[in-house]
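As a plain string of letters, each chain reads:
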Amino acid sequence: MKKDIDLLKKRNRKRRDLMERAGSTGLALSGFIGLMFLSVLVWQIAVPTFIEGETGQIEPASEFIPVSEYVLKWDHPTVDDDGALIGDPVVLELTWDDGGTERTHSIAVTVTSERNLREDIVINASGVSTEAVEVGKKTKFYIQSSLEVPVDIHQASGPVPAADETGSPTVSSFVISADVSVVVDDGRFVSHPLTMVAWLMLVFVVALLSFPMPAVLSAMEALLNRQAAVRYTLYGLAAGTLALAGFTLEAWLGAGCWTMSAVGINRTLQGMERLKSQGRDVTQFDRLKHSITNREGVLMWSRMLLVFSTLFIPLLIDVPFLTERYQDIFQPYASGIRSAFFGTIWVMGIAMVVSMPVSIGAAIYLEEYAAPTKTTKLIQALVTNLAGVPSIVFGMFGLAIFVKQGGIGLGLGPSILAAGLTMGVMAMPIIVLASQEALRSVPTSLRESAYGVGCTQWQVTRDHVLPSAMPGIMTGSILAMSRIMGEAAPLVVVGAAALVLFDPEPLAGLLGGNKGFTVIPIQIYFWTSEPEHAWHSMAAAASITLILLLAAMNSVAIVLRQHFRKRLNS
Amino acid sequence: MSEEIGGEVVPDSTRELNIDGELDIMIEDLDLWYGTKQALYGVSLPIARNSVTALIGPSGCGKSTLLRTINRMNDLIPICKYEGTITKGDVVITDKGADLVELRKSIGMVFQRPNPFPKSIYDNVGYGVRLHHQPTRDELDAIVEKSLKRAAIWNEVADRLHDLGTSLSGGQQQRLCIARTIAIEPDVILMDEPCSALDPIATAAIEELILELKKDFTVVIVTHSMSQAARVSDYTGFMYLGRMVEFNKTEKIFSEPDQELTQRYITGRFG
Chain A
1 MKKDIDLLKK
11 RNRKRRDLME
21 RAGSTGLALS
31 GFIGLMFLSV
41 LVWQIAVPTF
51 IEGETGQIEP
61 ASEFIPVSEY
71 VLKWDHPTVD
81 DDGALIGDPV
91 VLELTWDDGG
101 TERTHSIAVT
111 VTSERNLRED
121 IVINASGVST
131 EAVEVGKKTK
141 FYIQSSLEVP
151 VDIHQASGPV
161 PAADETGSPT
171 VSSFVISADV
181 SVVVDDGRFV
191 SHPLTMVAWL
201 MLVFVVALLS
211 FPMPAVLSAM
221 EALLNRQAAV
231 RYTLYGLAAG
241 TLALAGFTLE
251 AWLGAGCWTM
261 SAVGINRTLQ
271 GMERLKSQGR
281 DVTQFDRLKH
291 SITNREGVLM
301 WSRMLLVFST
311 LFIPLLIDVP
321 FLTERYQDIF
331 QPYASGIRSA
341 FFGTIWVMGI
351 AMVVSMPVSI
361 GAAIYLEEYA
371 APTKTTKLIQ
381 ALVTNLAGVP
391 SIVFGMFGLA
401 IFVKQGGIGL
411 GLGPSILAAG
421 LTMGVMAMPI
431 IVLASQEALR
441 SVPTSLRESA
451 YGVGCTQWQV
461 TRDHVLPSAM
471 PGIMTGSILA
481 MSRIMGEAAP
491 LVVVGAAALV
501 LFDPEPLAGL
511 LGGNKGFTVI
521 PIQIYFWTSE
531 PEHAWHSMAA
541 AASITLILLL
551 AAMNSVAIVL
561 RQHFRKRLNS
Chain B
1 MSEEIGGEVV
11 PDSTRELNID
21 GELDIMIEDL
31 DLWYGTKQAL
41 YGVSLPIARN
51 SVTALIGPSG
61 CGKSTLLRTI
71 NRMNDLIPIC
81 KYEGTITKGD
91 VVITDKGADL
101 VELRKSIGMV
111 FQRPNPFPKS
121 IYDNVGYGVR
131 LHHQPTRDEL
141 DAIVEKSLKR
151 AAIWNEVADR
161 LHDLGTSLSG
171 GQQQRLCIAR
181 TIAIEPDVIL
191 MDEPCSALDP
201 IATAAIEELI
211 LELKKDFTVV
221 IVTHSMSQAA
231 RVSDYTGFMY
241 LGRMVEFNKT
251 EKIFSEPDQE
261 LTQRYITGRF
271 G
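Going down the list, the sequences are from chains A and B.
Quick note: the first sequence uses the numbering used here, first residue 1, plus one each step.
Quick note: the second sequence uses the numbering used here, first residue 1, plus one each step.
Just chain A, same shape as in the assembly (with noise of 0.2 angstroms):
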C-alpha cells in the first residue's frame, strides 16, 4: 500500500535538496567573492610597498623652506663603539653669499654609535644654528636652506668618502623593503646577546616540552642529580640579564624567558625523576609527558613570552620603520612610524592595565555575587547600551574627565596616560559583556562540585570558574582591545597630533614633560590627507603594520583559547 507520508517524503527531499544546493553554492560564492576581494586588497597594497619597491624623486623647497635641502650619507663611524675618534671629525665648509660679502661656517660631524639622534641643521638669515653635530650611525643627517641664494658645501677634512651633495636625492627603494637587520647590525647585536640567547633557551624549553627527542632527554639525564644547580643557574642568568642588559623592557622579557625555562626544564627532570623511581624508561616521551606537572600549562605561558619576546627582544628582524625612524615632513620615505608604533603600544598597554581588572572585577561581581534586584539589572542594562555607544563620544567623556582641568576634570591634558584611560573607559563596557558571557557558560556542576569539596564563594570563583571562564574573558579583552587600538576617532578629540619627533613619554601627563603623542591610526590619518602621493604609500605601510598588530594580537587570543578548550573539553 501506498503510504501518504511517502508522498510528503519525496516532495519535501526534493526541496531540502534544492535548499541544499542553493544555501551551499550561495555561500560558496559569497566566500569566494570575499576572498577575490580581500587578495585585491593586498595585492594593491602589498605589491607597491613591498614587493616591486616604490621609486620617487623628492622635490626640494617646499613653501616654508624656500631654497634647497641636502642629504649627506656616511658609510663610515667615525668613532668606534667605545666612542673613540677614529681618524678626523668630519668637516663641512658652507659657504653663501650674503648681500655681496661671502660668508663662511664650519660644522665638526660627529658620526656615534648611538642609533637613533637626529639633529638636522638649520641656515637662515642669522646665520647657521649650529657648530657641530653628532649624528647617528644610520641615520641620514640633513642640512636646510631658507636662503634665497644657493649654500656651497663641502668637506674641509675627515674620511673620504664624505658627503653626497645632491639638492634632489633620489630614493631607490622604498623604506620598509629595505635596511633590515638580522642578528648583527653594523657589527653590534641587535639586542643583547644575553637576552637573545635567553630566547634561544625558551625556544628550546617549547620543543623540549612539545616534541623532545629521546638523544635530549637521556642526554638531560645527566642532570637528573643537579635539579637545583640548574634551577639557580637559570635564575642567575635571569638576574644577570637585568643586571647587565638594563631593567628595559627587553631585558625583562630576556629574565623572564630564563625563569620560564627553570620552569620547564625543571618540571622535567622532576618527571623523568618520578618515573625513575617507579623503574621506567625517563627517555620515552609518551610516558614521560604524563608525568610533567602541569605540561600544558607551562607550554602555554612558554609559547606567550615567546611570541612577546619575539616582538620585542629584535632577534630575527629590526624593522627602521617601525622603531628607528621619526616621521620626516620633507622625506615620506625615509619617514618612519616610531613615535606612532611606541604612541599605540603605551595607550594599549595603559588601556588594558586600567580597564581588564575593573571590567573582569565588575562581571564576576554582576554575575557570581550581585543580587538579581533592580539595581543591578538597571546596572546591566547601562553597560549594555555602553557597548553600543559610539567611539567619538568616549573621546569627548575623556576630554571632559581626563584632559581638561577644572570641574571634574583631571587635568591630564593631551597626553598618552589621557588618551590611554579614555581607551580603557571605552574597552570596559566590550570586557565585561564579554566576560560575563564566559562566566555564565561555566557549567553549574563545576561549581557544584567544587562547593562539594568545601570551597567557599571566592575559591569557587577564583580556582574553577575564573579558570574555566579565562578563554572566554581572554578573547573578549583581546578583542576589545583589537577594537580601541584601531580608532582614531576619540583620540582625535583628546588630542593627539599630526606630527611627534619623539618618543611618547607615558607619564608626561602626571608628571610633566612632553605631553604630544600619536598612534598609528591617528598617523594614517594625517597621512592620507596629505596631497602627496608618496605618503599615501606611507600611510599603507602604517595601515599594514596595524593589520599585523592586530593579526598578532588575535593570534595570541586563539591560542589561548585553543589551550583553556582542550583543558575544558579533552
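By construction, these hints were calculated from the structure, which means they are not laboratory data.
Think of the CB as a built atom: it goes at the ideal place given N, C-alpha and C, for glycine as much as any other residue.
Heads up, some of the hints might be wrong.
[Stated by the list, open to error] Simulated pairs of lysine-lysine, DSSO-like, Cα-Cα distance not exceeding 27 angstroms: (1) B:K252 to B:K214; (2) B:K149 to A:K289; (3) A:K377 to B:K81; (4) B:K81 to B:K96; (5) B:K214 to B:K149; (6) B:K105 to B:K146; (7) B:K215 to B:K252; (8) A:K276 to B:K146; (9) A:K289 to B:K146; (10) B:K105 to B:K81; (11) B:K37 to A:K377; (12) A:K404 to A:K515; (13) B:K146 to B:K214; (14) A:K289 to A:K276; (15) A:K14 to A:K3; (16) B:K215 to B:K249; (17) A:K374 to B:K96; (18) B:K146 to B:K215; (19) B:K105 to B:K215; (20) B:K105 to B:K214; (21) B:K37 to B:K96; (22) A:K276 to B:K149; (23) B:K105 to B:K149; (24) B:K81 to B:K37; (25) A:K374 to B:K37; (26) B:K81 to A:K374; (27) B:K149 to B:K215.
[As the list claims (entries may be wrong)] Simulated restraints, written as ranges between beta carbons of each label pair: (28) B:E260 to A:A381: 47 to 57 angstroms; (29) A:L29 to B:T36: 49 to 59 angstroms; (30) B:S196 to A:S39: 46 to 56 angstroms; (31) A:I33 to B:W33: 52 to 62 angstroms; (32) B:S196 to A:I547: 46 to 56 angstroms; (33) A:N554 to B:W33: 47 to 57 angstroms; (34) A:E273 to B:P135: 17 to 27 angstroms; (35) A:A387 to B:K96: 32 to 42 angstroms.
[To be verified] Which stretches of chain A does chain B cover? Using the computed rule of at least three CB atoms under 8 angstroms from a CB of chain B, they are: (36) 276-287; (37) 290-296; (38) 445-456; (39) 459-467.
Model the placement of chain B on the given structure of chain A, informed by the hints.
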C-alpha cells in the same frame, strides 16, 4: 494520614524510622519549597553510621533534593527555602550560622554526572586537601595515592597522574570524583545517582566500591535502579511526591514492604 493526589492515595511521610546501628545524621520534618512549589513534605530520615542508605522513588519525588539538603547544596539555588532540622551529632546542619565549609568537608558529595575539575588527575584529588590543610609535597603525594587506591582507580592512572581528569572515560571520571571526595576524609558521602551515566561494567565497579567504602564512611545513595538499591544498601527509603512513604531495612522493603505503594513501585507495577 493520607492524601489523594491524581487518583493516587499518598500516605504522609512515615514516622517509623528504626535503625540498628549508631545514628549519624537525623533529618526531621523537613519541608522544602522551590519558590511557591513545595517539593518535600515533612520528611524525616535517620542515617546510620557506616551503612549504606538508599533513596528510591520515581523521578521528581524529591530524592535528590533531600540529598542535596544534607550538605546544604540547595543553598546555591536562590529560590529554595526549607523548614525542619537536620542534625549531625551536636551540629545543627540547617542552622543559619552553620559553617558550610566545615559541613561540606565532613559531608562529601558525588554527583550524577561525573564532574572532575578541568585539572590534572593529581590536582583533582589534591585540590580539596590543599584547600583545607597545607600538606607538604610528599604528604600530598601519599594522600593522592591512597585516595586513588581506595577509589579503585590507581592502577589505571598511576602513570598518567598529570593528565587532565577530563581525559578519562566516564566510569573512571566517576571513580576519580569519588577519590576526590574521600581524599578530604569526610564522615559521610552523598551519592546522587552515581551510576546513571555509566555502563554496566563501570556500574559494577562503583557498586563494589560503595560496599568497600561502607567500612569507613556513611554512604547515602540516590538511585533509580531497584536492583542496585537491593545490592548495595542496608536501609532503603521510598519516596513519592515529596513524602517519605516508607523507610526500613533493605531486606524488609524488598521482601515485605508495609505500604502497597512501595510494593507496586519495586515490582514495577506503578502508575
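If you check each hint against the structure, which ones fail? none
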